[in-house]
Structures are given as structure tokens and as C-alpha cells.
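**Student:** Construct the complete structure from the given sequences, taking the supplied hints into account.
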Amino acid sequence: MSNLSIENGLDLFVNALTQKGKSTNTIVAYKGDINQFFSYLKDQNIFLLESIETSHINNFKKYLADKEYTAKSISRKLNSIKNFFSFLKQEGNIEADPSASVEHPKYENDLPKILKPIEYRSLRDACRNDTRATAIVELMLQAGLRIKEIENLKLDNVKDNDLYIEDYESHSARSVPLNNSAKAALKKYLDDGRYPSRSKNVFVTKTGKTLLARNIRSLLNRFFNKADIKDIKVNDLRNTFIVFQLKSGIPIDIVSQVVGHKRISTTEKYLELIDNKEESRGIKLREL
Numbered sequence: 418m419s420n421l422s423i424e425n426g427l428d429l430f431v432n433a434l435t436q437k438g439k440s441t442n443t444i445v446a447y448k449g450d451i452n453q454f455f456s457y458l459k460d461q462n463i464f465l466l467e468s469i470e471t472s473h474i475n476n477f478k479k480y481l482a483d484k485e486y487t488a489k490s491i492s493r494k495l496n497s498i499k500n501f502f503s504f505l506k507q508e509g510n511i512e513a514d515p516s517a518s519v520e521h522p523k524y525e526n527d528l529p530k531i532l533k534p535i536e537y538r539s540l541r542d543a544c545r546n547d548t549r550a551t552a553i554v555e556l557m558l559q560a561g562l563r564i565k566e567i568e569n570l571k572l573d574n575v576k577d578n579d580l581y582i583e584d585y586e587s588h589s590a591r592s593v594p595l596n597n598s599a600k601a602a603l604k605k606y607l608d609d610g611r612y613p614s615r616s617k618n619v620f621v622t623k624t625g626k627t628l629l630a631r632n633i634r635s636l637l638n639r640f641f642n643k644a645d646i647k648d649i650k651v652n653d654l655r656n657t658f659i660v661f662q663l664k665s666g667i668p669i670d671i672v673s674q675v676v677g678h679k680r681i682s683t684t685e686k687y688l689e690l691i692d693n694k695e696e697s698r699g700i701k702l703r704e705l
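The numbering used here puts the first residue of the sequence shown at 418, with every later residue one more than the last.
Keep in mind that the hints are not guaranteed to be accurate.
[Said to hold, decoys possible] Derived SDA-like pairs: lysine to any residue, alpha-carbon spacing no greater than 20 Å straight-line:
| no. | residue 1 | residue 2 |
| --- | --- | --- |
| 1 | K571 | P613 |
| 2 | K565 | N638 |
| 3 | K448 | E424 |
| 4 | K565 | T622 |
| 5 | K499 | E512 |
| 6 | K647 | I633 |
Source of the hints: derived by calculation from the structure; they are not laboratory data. From a predicted model like this one, the values you see are computed outputs, not experimental measurements.
**Tutor:** Encoded structure:
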């Protein structure tokens, strides 16, 4: 058995994934999970693969749970670790796989839902004569905004090519790029469809008051029904944006930043919804 360092073992694994044609996003996800495990081990002065025992992996599971990671996130990280050690054993770099007997935490596999192209096209058709609804749909579908962020959006947050999303609750401030479709829909609403109001908020009611999240949800649900779209929630528009960008080859860290995820592991769960991924073609977001 060789005294292979943790870093060298990871290099071998990444090279093997690359040779197998795995997507950039998949490799980044593996590296992130495994490096997090290695950082945990280094805090305990463990630097060689041969020193890693099953108890270390089980303790890492507990460490993640204490950090309030979800069971699903822990399971995904554990899957990366298991694949890593399985590879090393097959290649003869370790004698025994310390992860083999480690069990996944139990959780319900409730993957995010996304709209099919025919569904979001039908939704657009249903909203065609409502500039406010159209703008909201495009901001969720083309920019990945949360419903609360749409409620909070101020007129002076709207820039030429992006939106400034102010911090709220536990979410940090960020800038979100706007593609041509989103810009056009928002401009048409502001120019022709916004009700007279003294409110600083972009979206207002007929009486000029701020359009609250519950109002936005009711509005979009009405158009879901009009478009005959079943079993879809408002946030699934945002989910659709995330999956589409990942499938188009946008780097996962860019997507995570744009949609305001605090942890890249939150974005990684969407990879399970993607069968065929394009290789990265840069960082410019694609248009649905």
C-alpha cells in the first residue's frame, strides 16, 4: 500500500472523471464535496489516505448534521466520498474502502420540479395581455428571482442590464444580469402597465400599493390555471431557470451566485434533474 497523499489521490480521481467525459459541473461538485471532507480531516492532522478510517467518515456525517446540512446534502456528499474511495480501491491505491460500510442518512427524495418548454410557452401565451404578470414570469424564468425578491424590488434597483437585489432576511445582496427577454418584458410593464403609484416598488396593485408575495403567488396561480399547467408551484419557475442554465453548461458556481444560494451544495441538487449536460461555453447566461 502506497503512502498516497490526500491531494494526489484527488488528482487521480479528477483525471479519471475527465477521461470518462464527465461534465465540468459534475467534476466541480465532486471536488467540492471531497475537499470539504479533506479539510475536516486536516483539522485532525490526517494527511494520508491510508490513515482514513470508517469512523472518520461517520464523524464527518455528524459534523455536517451539526452544521445543519440537510440529510439530502449529506447523502450527496457521502456519495462523492464513496465514489472516490471506490475508485482508489479499484486502482490499487488503498487496500480497503473505509466508506463501504457507511450508511446514507434517510430522506425523502423530493427533487425540485421544473416546467417543460411547452408549459412555460403556454404560460407566456396565457400572460400575453398582462404586462405585469409577463414581467414577473420573465424575472423568475429568465433571471431566477425569488418571489420575495420580486416583492422587494425597487425602481432604483433596475439598471440597464441587471437588477440589484437588496439583502433581506438571511440572504445577501447581489446583482442579477438581465437578458433581452427579461429587459423587454420589464420595460414594457414599467412604460405601459404599471399602475399610478407613489410606491418605490416596481410591482404594485391597482390601488398603487406594493404587490406582496402572496398577491404575486395568487396572480401566477391564476395564469397557471389559465395555461392548464398542473402540479406546478410558483417557485418552479426559478427552478426551471437554474436547471436550464446548468444544462446549458454555465459553471455551477456562476449559477449559484446569480440565484443567491448561500451554499453551492444547494445548487448541486439540481444536477440530479439533468441527463445530458453541455460543456461550459463561458459565463453568459442562456435565454429560455
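**Student:** Hints first: check each against the structure and report whether it holds.
**Tutor:** Results of checking the hints against the structure:
1. K571 <-> P613: With a Cα-Cα distance of about 15 Å, the restraint between K571 and P613 holds, given a limit of 20 Å.
2. K565 <-> N638: At roughly 16 Å apart (the allowed maximum being 20 Å), N638 and K565 satisfy the hint.
3. K448 <-> E424: At roughly 11 Å apart (the allowed maximum being 20 Å), E424 and K448 satisfy the hint.
4. K565 <-> T622: holds (15 Å)
5. K499 <-> E512: Judged against 20 Å, a Cα distance of about 15 Å means the pair holds.
6. K647 <-> I633: holds (18 Å)
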